[in-house]
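**Student:** Taken in order, these protein sequences are the chains called A and V.
1 is the number of the first residue of the first sequence in my numbering; add one for each residue after it.
1 is the number of the first residue of the second sequence in my numbering; add one for each residue after it.
By construction, these hints were calculated from the structure, which means they are not laboratory data.
Treat the hints with care, since some could be wrong.
Just the calculated beta-carbon pair ranges, DEER-fashion [stated by the list, open to error]:
no., chain 1, residue 1, chain 2, residue 2, range
1, V, ASN68, A, GLU96, 51 to 59 Å
2, V, ASP71, A, ARG252, 42 to 50 Å
3, V, GLU111, A, ARG217, 19 to 27 Å
4, V, ILE122, A, GLU175, 27 to 35 Å
5, V, GLU353, A, GLN278, 20 to 28 Å
6, V, GLU111, A, LEU348, 31 to 39 Å
7, A, GLU175, V, GLU353, 38 to 46 Å
8, V, ILE122, A, ARG9, 49 to 57 Å
9, V, GLU111, A, LEU264, 45 to 53 Å
10, V, ASP118, A, ASP124, 54 to 62 Å
Pairs of lysine-lysine residues, derived as DSBU-like cross-links and limited to a Cα-Cα distance of at most 30 Å, are as follows [claimed, not checked]:
no., chain 1, residue 1, chain 2, residue 2
11, A, LYS47, V, LYS75
12, A, LYS179, V, LYS75
13, A, LYS211, V, LYS134
14, V, LYS134, V, LYS109
15, A, LYS211, V, LYS210
16, A, LYS280, A, LYS211
17, V, LYS109, A, LYS211
18, V, LYS109, A, LYS179
19, A, LYS75, A, LYS211
Glycine included, C-beta positions come from ideal geometry on N, C-alpha and C.
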Amino acid sequence: MALEITAARPDPALLDLPWSVPLEQWPEANLAALPRGLSRHVVRFVKLPGQVIAVKEINPHLAVREYNMLRLLQKIGQPCVQPFGVVNGRLGDDGEELDACLLTRHLRFSLPYRALFSQSLRPDSAQRLIDALAVLLVRLHLAGFWWGDVSLSNTLFRRDAGAYAAYLVDAETGEIHTKLSVGQREHDVDIARVNIAGELMDLAAGGLLAKAADPIRVSESIVDRYRSLWRELTGSERFGVGCRWRVDDRIRRLNELGFDVDELTISTDFGGATIQIQPKVVDAGHHSRRLMRLTGLDVEENQARRLLNDLDSFRASQDRQNDDESMVAHDWLTQIYEPVTRTVPRDLTKKLEPAEVFHEVLEHRWYMSEAAGQDIPIKEVIADYLKNVLPGKPDEAAVLGVDTMAMRLPDFSKQESPGR
Amino acid sequence: MATVKFDNASRTYPGNDTPSVDRLTIDIADGEFLVLVGPSGCGKSTALRMLAGLEEVNVGDIWIGDRNVTDMSPKDRDVAMVFQNYALYPHMSVADNMGFALKIAGINKAEIAKRVADAAKILDLQDYLERKPKALSGGQRQRVAMGRAIVRNPQVFLMDEPLSNLDAKLRVQTRTQIASLQRRLGVTMVYVTHDQIEAMTMGDRVAVLKDGLLQQCDTPRRMYDHPDNVFVAGFIGSPAMNLFDVPVVDGGVKFGSIVHPIERSLLTGVGKEVTLGVRPEDLVIKMEGDGLPVTVEVVEELGADAYIYGSTTETAGKIKPIIVRVDGRTPPAKGTVVHLSPKGDHVHLFNNETGLRIG
């Protein structure tokens, strides 16, 4: 069988990769990072001109299925890694057929959870990761996606104004349904709970988890976070006709959670004395969409919230509440945001994304002002931040890593060398 | 461990007119290995998911032991779904990898240690409990993953096509291991596959589904020897049973130039034709003489046996393919015409309108 590369935009450089060699034996020259940890499948990060891709060696049928699943998730706007292609028809130098390879683009500035724990973290970081994962799971469930293998290791995290935004990495077990049953959702949540507990216990066993964090308590919190968010996004509420303000109130609450309401049903009882409302279609990205519309900046939801707050402050301080919002936004972008993010010297741009730098500068301003007991001009703040804070941070543009060892039950007769 | 009962259980997906699983009734005994099998879209996975709690049951009930679990959430049903991926954690010992889910469930240390030790014994992992997964072979790691499910002492194990992504050789090996593990554990198992060979080799009983309807639920032997309808007759067995319509005549049914005797009482009330089924190994082959003339088109030699693939036109005027198993040492040559007759009473008759078995 001839080598067959399926990709939306194939990069000719793909042809130069050593496809006739099992992925495990690829020469270091092709790799962007040395493999770390263990994985159910062999996964490697590979250098292509101008980008890094993740290559996963997997059964051809599963490779095509997961590629299509990731494409579908992308199409419906779900946060997941970007599928890049499938390489099929690989033949080893000895003529033996080799498994297919699924290629995904490396998500810049994303962090595997183990990388986050290996840095000095605030004690509530584990909780923030769980919160981000709960939001991701709710979003996927709203879209009818049953994950089947929810875990921290199947998720990548991007910094999001002090919190995290979660992205799905592994869709191998996933299924798309018109609508998920309660049992399917509950099952996913239960899988998440057990996997997270296992992953955190593993970090604890490896001495990587802060003493104060209790794996079981943290893992159980995904259940509460998930359920309360699901209830808020989909639950119906009933109130007297006199309380119509509660319709607006519900929409406002959903917006604050970062969701837009695309469809809301309102019904009254027979007598017309009570009203029942229930959101039918909600869409994540309330703040990031608004920021995108106003400034063209494409950032995470909490970053967008932070930037929009700063934009509002700018508008108030300039006394321009009556001006066209997009005009003010344009001025904020050129006078405030860009001057801050452009001051970052080139050698420090791999530390954090621009929007996260901006968020940190705002935080830094608050700390400096509080310490000084007065407002500190932004220029001074930036200078201090660039001198004393940013250089000490690790480069996060391309943190690569494959982190857990997981394996499928049916392979249990497969003999492989120990220690892989 | 427990019995499982599907009691008239149906599942209709929103927007569908017909149920994907239609009034399914099966009683599964404690410790039984039941296989749900059928072609794609027959409802076998849906049935398993109804039992797991992943699909709503619209009509009817599902029981595990004496508990009606129809409206229970998956985690309260005490079933282990082994079709999910299991992770092994590199910093944790084999014992911790097997037992950590019990810790989450709040089970005390002594009990966890006991259950882990018991499972390790069954899985032949006693000597490895203190090691890290990295020090194990691939096969041992997989057994650790299996151990994670076993220590929970679930009432029922569920598996959904666990072998579908393995190559043929590995599939045969692994299915033997799963079957022997189930026997050693004595646990009730419900297993879904589309592969009838897998179903027949693994199950204590096999339930064949088609279009959401249970066709037959029997032991593999009974299923093979006594299929209840034409669908089961054609689905179970490889190569498949030869099935063709034959005229009903005085004293029996016509089989080429001979009359195959059938008890008169069986044929009263049937039409002019019935569907006759005969397995490839249940045909006697003669080079000359009476019977059903068949032109040999392909001879597949397998050593001890050979399969003859041919066709006949003497089945209600239609060309029908016929497969016969013959002695591998003396197969007839391609192109010859052979004459077939059924061996003894190894003939299955079906009503050619309803498809149901006669007799």
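**Student:** Next step is simple, just say for each hint if it's right about the structure.
**Tutor:** Here is how each hint holds up against the structure:
One distance hint, 51 to 59 Å for the beta-carbon pair ASN68/V and GLU96/A, holds here, with the actual separation near 53 Å. Between ASP71/V and ARG252/A the beta carbons are some 35 Å apart, a value that contradicts the proposed interval 42 to 50 Å. Checked against the given bound of 19 to 27 Å, the beta carbons of GLU111/V and ARG217/A, roughly 21 Å apart, stay inside it. Between ILE122/V and GLU175/A the CB atoms are about 32 Å apart, so this pair conforms to the stated range of 27 to 35 Å.
For GLU353/V and GLN278/A, the Cβ-Cβ distance of about 51 Å falls outside the hinted range of 20 to 28 Å, so the restraint is violated. Distance hint check: the CB atoms of GLU111/V and LEU348/A are about 54 Å apart, inconsistent with the given range 31 to 39 Å. Distance hint for GLU175/A and GLU353/V: a CB-CB separation of about 39 Å, consistent with the stated range 38 to 46 Å. For the hinted restraint 49 to 57 Å between ILE122/V and ARG9/A, the CB-CB distance of approximately 51 Å keeps it satisfied.
The beta-carbon spacing between GLU111/V and LEU264/A, approximately 50 Å, falls within the hinted interval of 45 to 53 Å. Separated by about 39 Å at the C-beta atoms, ASP118/V and ASP124/A break the suggested range of 54 to 62 Å. With a CA separation close to 43 Å, the supplied pair LYS47/A and LYS75/V exceeds the 30 Å bound. For the suggested pair LYS179/A and LYS75/V, the alpha carbons sit about 20 Å apart, so the restraint of at most 30 Å is met.
For the hint linking LYS211/A to LYS134/V, the alpha-carbon distance of about 25 Å falls within 30 Å, and the restraint holds. Pair hint LYS134/V plus LYS109/V holds up; C-alpha atoms about 24 Å apart against a cutoff of 30 Å. Between the alpha carbons of LYS211/A and LYS210/V the distance comes to roughly 56 Å, so the proposed pair goes past 30 Å and is violated. At roughly 43 Å between alpha-carbon atoms, LYS280/A and LYS211/A are farther apart than 30 Å, so this suggested pair is violated.
Restraint check: the Cα-Cα separation between LYS109/V and LYS211/A comes to about 21 Å, which is no more than 30 Å; the hinted pair holds. Taking the CA atoms of LYS109/V and LYS179/A, the gap is about 41 Å. The hint is violated against a cut of 30 Å. The suggested pairing of LYS75/A with LYS211/A is violated, with an alpha-carbon distance near 41 Å, which exceeds 30 Å.
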